[in-house]
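> Residues per chain, in single letters:
Number of protein chains: 2
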Amino acid sequence: MAKCKVSYAPSVRRLPSYLLIVRQSLAHGDEYISGTLIANELNLEPIQVRKDLSITGITGKPKRGYPVAPLITAIESYLNWNNRVEAVVVGAGNLGSALSGFPGFRQHGLYIVAAFDADKSKAGSKIRDIPVYQLDDLSTRIPELGVSVAILTVPSDTAQDVTTKLLEAGIKAIWNFTNVKLKVPDDVVVQNEDLSSGYAMLSVKRRIKSASFMGDAI
Amino acid sequence: MAKCKVSYAPSVRRLPSYLLIVRQSLAHGDEYISGTLIANELNLEPIQVRKDLSITGITGKPKRGYPVAPLITAIESYLNWNNRVEAVVVGAGNLGSALSGFPGFRQHGLYIVAAFDADKSKAGSKIRDIPVYQLDDLSTRIPELGVSVAILTVPSDTAQDVTTKLLEAGIKAIWNFTNVKLKVPDDVVVQNEDLSSGYAMLSVKRRIKSASFMGDAI
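Just so you know, the sequences run in chain order A and B. Using my numbering, you'd call the opening residue of the first sequence number 1 and step up by one each time. Using my numbering, you'd call the opening residue of the second sequence number 1 and step up by one each time.
Hints should not be assumed to be uniformly reliable.
No distinction is drawn between identical chains; accordingly, a pair holds when it is met within one copy or between any pair of copies.
[To be verified] Lysine-lysine pairs mimicking DSS-like chemistry, simulated, CA-CA at most 25 Å apart:
| hint | residue 1 | residue 2 |
| --- | --- | --- |
| 1 | Lys165 | Lys122 |
| 2 | Lys209 | Lys183 |
| 3 | Lys63 | Lys205 |
| 4 | Lys165 | Lys209 |
| 5 | Lys172 | Lys209 |
| 6 | Lys183 | Lys172 |
| 7 | Lys165 | Lys126 |
| 8 | Lys165 | Lys205 |
| 9 | Lys181 | Lys51 |
| 10 | Lys209 | Lys181 |
| 11 | Lys205 | Lys183 |
| 12 | Lys165 | Lys181 |
| 13 | Lys165 | Lys120 |
| 14 | Lys61 | Lys51 |
| 15 | Lys183 | Lys165 |
| 16 | Lys61 | Lys120 |
Simulated from the structure, these hints should not be mistaken for lab results.
Produce the entire structure from the sequences given, and follow the hints as far as they go.
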């Protein structure tokens, strides 16, 4: 698999938090929002916020900050969240069902249009308004739907086999919630969402915090 | 909220992937594993792997690599994953249920011992072998269980209120799956798990990839 390097990965990861705040600011009727206000809200340094936002091509005005509506447009364009993207969820267990119903996705232009599951008894049912099909129907359903993005939430031991079928069906981007390193050709992107990484961060923060609050320890 | 900075955050986030590979290597009976092998497996540069692993205090031997068993111990100790940690899941919807049943957590020493939900009809039920209690019982159940870690999967509009109750009940670490910036005192750690961040990364990768594969575009 060819690497697809994102130069400003930590900045990209923070953009959705900025977008949330700036959208709230728009809803409040604000014309400008300062980098310092965003920084305070998110417990970041103002210089960091300015640096992150600069990747979208926008610059603030001294003393006024960023114009709210153009800032939203800049972030959404950078992320391509101003275009509707349709995706399928593959693996309609608890995680797949949670993601199918995640309210935030539509705000980002992401529409889940179908789910697939190996359990044939689920076929014909719906997760909210999303139809569930059997896994074997991937190869016909995905081309029919014209979808090129898949969210993968199947058990790890079937992840690569299912991925191979997804690729054959025309999938070009996989948001991978399994812990399997998927093998895909160069023209396919994979974003690994490893929950263990988040837990590793929490674990190290706990260790650091308990060391710094030794006085409070029992 | 005081910041809890983790100096090597990207390295910490990669440690679980390394651990998975090194555990497989142990299961295969290997005595040593090379940084280059780990790098190839994860599509990283060998220098990056060596740098990441060095935060745990371990160093490899020229030509042989890292001793497998001590490497596992070093990563687990760094992450404090060699100690059993008990946690509660707060919000037993689809995401909470998925996390309650996530098989990888126990391998990291994380044991979910109870779930709570606002829906009183869920009280008394079980998610796999984990008892579900009603949300109002937090204040008595959490001190009884002696748990200090909570996984927060409630709807965003109740996240701060529930957090306040969790803090009163003795919770000191929150793995936050809501998009709310929680207000907590200095001795409490929060790890935000924002699914939008992962989707932002996928979106930018798709944009970069389609630019570099312009020739294939329709």
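> For every hint, state whether the structure bears it out.
Structure-based check of each hint:
Taking identical chains as interchangeable, the C-alpha atoms of Lys165 and Lys122 lie at most 25 Å apart only when both belong to the same chain, with a minimum of 20 Å there against 38 Å between chains. Within a single copy, Lys209 and Lys183 get their C-alpha atoms only as close as 39 Å, which misses the 25 Å cut-off; across copies the closest is 16 Å, which meets it. In this assembly of identical chains, Lys63 and Lys205 lie within 25 Å of each other by CA distance neither inside one copy nor across copies; the values are 36 Å within and 34 Å between. In this assembly of identical chains, the alpha carbons of Lys165 and Lys209 lie at most 25 Å apart only when taken from different copies (21 Å versus 46 Å within one copy).
Taking the shortest Cα distances, Lys172 and Lys209 sit within 25 Å of each other only across copies (10 Å), while inside one copy they are farther apart (42 Å). Taking the shortest Cα distances, Lys183 and Lys172 sit within 25 Å of each other inside one copy (13 Å), while across copies they are farther apart (40 Å). In this assembly of identical chains, the alpha carbons of Lys165 and Lys126 lie at most 25 Å apart only when taken from the same copy (23 Å versus 35 Å across copies). Taking the shortest Cα distances, Lys165 and Lys205 sit within 25 Å of each other only across copies (22 Å), while inside one copy they are farther apart (40 Å).
In this assembly of identical chains, the alpha carbons of Lys181 and Lys51 lie at most 25 Å apart only when taken from different copies (21 Å versus 32 Å within one copy). Proximity of Lys209 to Lys181 under the C-alpha cut-off of 25 Å is restricted to the inter-copy arrangement: shortest distance 19 Å between copies versus 32 Å within a copy. Taking CA atoms no more than 25 Å apart as the test, Lys205 paired with Lys183 passes between copies only; the shortest distance there is 17 Å, against 33 Å inside one copy. Taking the shortest alpha-carbon separations for Lys165 and Lys181, only the intra-copy value of 16 Å comes in at or below 25 Å, while the best inter-copy value is 39 Å.
Taking the closest pair of Cα atoms, Lys165 and Lys120 come within 25 Å of each other only inside a single copy of the chain (17 Å); across copies the shortest separation is 42 Å, beyond that limit. With identical chains, the CA atoms of Lys61 and Lys51 are at most 25 Å apart within one copy only, with a shortest distance of 14 Å there and 40 Å across copies. In this homomeric assembly, Lys183 and Lys165 come within 25 Å of each other (Cα to Cα) only inside a single copy, at 12 Å, whereas the closest approach across copies is 45 Å. Within a single copy, Lys61 and Lys120 get their C-alpha atoms no closer than 57 Å, and across copies no closer than 51 Å, so neither meets the 25 Å cut-off.
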